[in-house]
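Residues per chain, in single letters:
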Amino acid sequence: MAETEIGVPQQRAHGSPTKDFFVRMITRDITLADCILDLLDNAIDGARRTLKRTGGHAKGRFLEGFGASLNVASDAFVVSDNCGGISLNDAVEYAFHFGRRKDAPHDVDHSIGLYGIGMKRAIFKIGRKARIESRPPAEAFVVNVDVDQWERNETDWDFDLGSLEANAEVGTRIVIEDLYPQIASTFADPTFVNELIRTIARDYAFVIGKGFSVSVNGTDVPNYEYRLKEGEDIEPAVVEYDDDGVHVRIVAGLMKELDSDIPDELRLAETEPYGWYVVCNDRVVLAGDKSDLTVWGNQGFRVWHPQYNGFAGFVFFESEDPKKLPWTTTKREVDASEPLYLRAIVKMKELTGQFTAYTNQRKANPEGAKQVEAAAASVSVSTGLATPKAMKLPKVADKEAGTDYVTVAYPRPKQHVKEVAEALGNFNMSAREVGIRTFEYYRSMELGKS
Amino acid sequence: MSGTPSFHRVDYSIRTNKHIERRLVFDQLKRLDAEFSLSKYRYLGLGSMWFVDFVLAHRLIGMANMWSIEREEEADRAEFNKPYDCIEIKRGAVSSVLAGMSKDDWSVPSIAWLDYDGRFDDDVREDCEQFLRNAAVGSIFLVSVNAHRNSYRPGVGADREPSIKTLRSMLGDAVHPGSAQGKQDVSLQEFPALLGKSLLNYMSGVVRGSGRETDQMPDRFVPLFDLYHEDNAPMVTVGGIVVSWKQLSTLEKIFATNATHLFSGDAIERYVLDLIPITMKEKLALDRLLPCDAAAFAQKIASSGVRLIEEQADKYRRLYTRFPVFAETMV
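Residue numbers (numbering that gives the first Met the number 0), protein chains in the order written: chain A, 0 to 449; chain B, 0 to 330.
Just to be clear, a hint being listed does not mean it is correct.
DSS-like cross-link-like pairs, simulated, lysine-lysine; straight-line CA separation at most 27 Å [unchecked claim]:
| hint | chain 1 | residue 1 | chain 2 | residue 2 |
| --- | --- | --- | --- | --- |
| 1 | A | 417 | B | 245 |
| 2 | A | 417 | B | 89 |
| 3 | A | 394 | A | 346 |
| 4 | A | 369 | B | 164 |
| 5 | B | 182 | A | 255 |
| 6 | A | 255 | B | 164 |
| 7 | B | 164 | A | 413 |
| 8 | A | 448 | A | 369 |
| 9 | B | 245 | A | 128 |
| 10 | B | 89 | A | 413 |
For the record, the hints were derived by calculation from the structure and aren't laboratory data.
For reference, chain A alone in the conformation it holds in the complex (with noise of 0.2 Å):
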């Protein structure tokens, strides 16, 4: 086939974005919660502004005083902070940008607000009218959307301000109202209020522990404060580097003691804290994965096994530019493909080796191994682990080196395993340690051996 020469362009082939794109299509890829949290790095972010603004240093509990509050309810969500508002100036020129703009000023160091696009994404998700006030030191406006009217003008892509009356307060309060019905759904559950809370409390936890307070719905979000097991026998590993910019540091260990006997039925709640913690800038984006994407099943790794549940380790990563850092626009994903994550990966999975190596080991007398683990004391994972160390774990003694064991397998009715496990003192045994229990019981009886 003949080339056919490029000259000057009869036409050109649209490319300009529609307003839809963006009302329906990108708020797609976001969970309801995640809009939410992108509304909270926002405040965050204000705070820090204001304290680079001001001066302040940014060590120890350097956020306190600095806070957000959320109203979750089936006919609005308000969310206000005093964490300094958005200037006019920022406002007019990029807040409400679709896209942080290349000149946008670097005016906040560790930021966790970088695309651009939270704010609006939160609304667009949520509802179709929000009110956005903002009182900036000795200024106050007013941006009002109404998502309907805004959608008719495909042109007209700005948002009108309007003046308010500034008073004393100094901070943001975005007004959402007239939710979608499947929004409106969520809110009245009291489930997702609660979860709420909880997903904050766990992605916020080195934010919260810095001295920022969230509340929702009234409740104070509660400080979790991550701790690793360490004692005479155990200490968790931390790992210190520096990569293009990034500062990482990973530390891994013993979360709590491992269990000796798998319950049948692993619920989340029992489980979810364990795995590997990604953390971008303080923010947790990664929660007790358990995936690939962090180690487990990770290019031939092991898969995550219930042997596991008490390990947890993290991976910090630190840097003035959050564009340097593995996540994706949504805060909840990491980007894989990102060498700079790859290669703490590798490290990752060292530290992770050695700990289910041990758990292998601990088989041979796991009663000893527990508490040895039981034993030892907790430091925290964001203030008392700073110094670079090697991974400590209990040494396992065979109890009984050199027995052999066969295991005994039975099924027997759900119901029958229940009143026996209610009739041992605990309704909650396992099927494993009924089993292990009666079959003792009737050697002691039987047999007059312990």
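Use these hints to put chain B onto chain A, whose structure you have.
Same frame as chain A, but now just chain B:
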């Protein structure tokens, strides 16, 4: 539930607080009946050998499509004891009866009252989920379970686990994160309220989480009952109604309130029923003082000769129209 059936130990028809609870439930059902035509519904319950709730459903609401679930070994006796021909004894465990229901069966709106005498456990939870996911819109669901904190603390002696851990493990985020207020567990007194509230939250979550819709709008769960009663064992009865978007306005009308209040998380009917038994002579004396408000009642009672503590007397004042009178008769 394990062990001896509770009807071997308890005659369900003569428990004062349980009786009041039933009357409160059926009073609300009568209010709903005006708009929801409950007589066309199916009543689904655990009639045991006494069928007390079935009798109320038939006599007060006119329900004539009734299923009582009874385990196989007791089903023949239940068949003999059923008070009306319109009651059908469904043999087996609740889970298997619900699992065996056809699409047509589910299409009939129901009032289901799963009145267990044991604790809430995984099996009961699965029964609740099964019903709430499948029941036709307009269906009403209640569950009664034991609410003694120790029933939710597995283990022995000092090693017993906290009750809140058992609840979290079964109900997840339905249990409010601040429930224990920083303590290791809730108190014996706090537990029933936490259990009731968590169960209602759970039911809301199941309905929303099932993705069920009517006319492409999400169905909702509205909590109606959060009742605690204590005759011998402490029990909670909680439940609500699964409604379509359109039916919400009907509920607003019936309960003279708005949707925001209906979804506030609190049930319409909330009561702690722990009335002590009173003698016939005391009852008649108190009745002669009623109706009146709390302040007037407190004044009148002082000169009536009745010696009940004020709190108990006031509970009687609020519930006297539902207070039962039991008498022995020769048959």
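Results for each hint:
1. 417/A to 245/B: violated (44 Å)
2. 417/A to 89/B: Holds - the C-alpha atoms of residue 89/B and residue 417/A are around 24 Å apart, at most 27 Å.
3. 394/A to 346/A: holds (23 Å)
4. 369/A to 164/B: It holds: about 21 Å lies between the C-alpha atoms, which stays within 27 Å.
5. 182/B to 255/A: holds (19 Å)
6. 255/A to 164/B: holds (16 Å)
7. 164/B to 413/A: holds (23 Å)
8. 448/A to 369/A: Holds. Residue 448/A to residue 369/A sits at ~25 Å (cutoff 27 Å).
9. 245/B to 128/A: holds (23 Å)
10. 89/B to 413/A: holds (22 Å)
Checked against the numbered hints above, the structure violates only hint 1.
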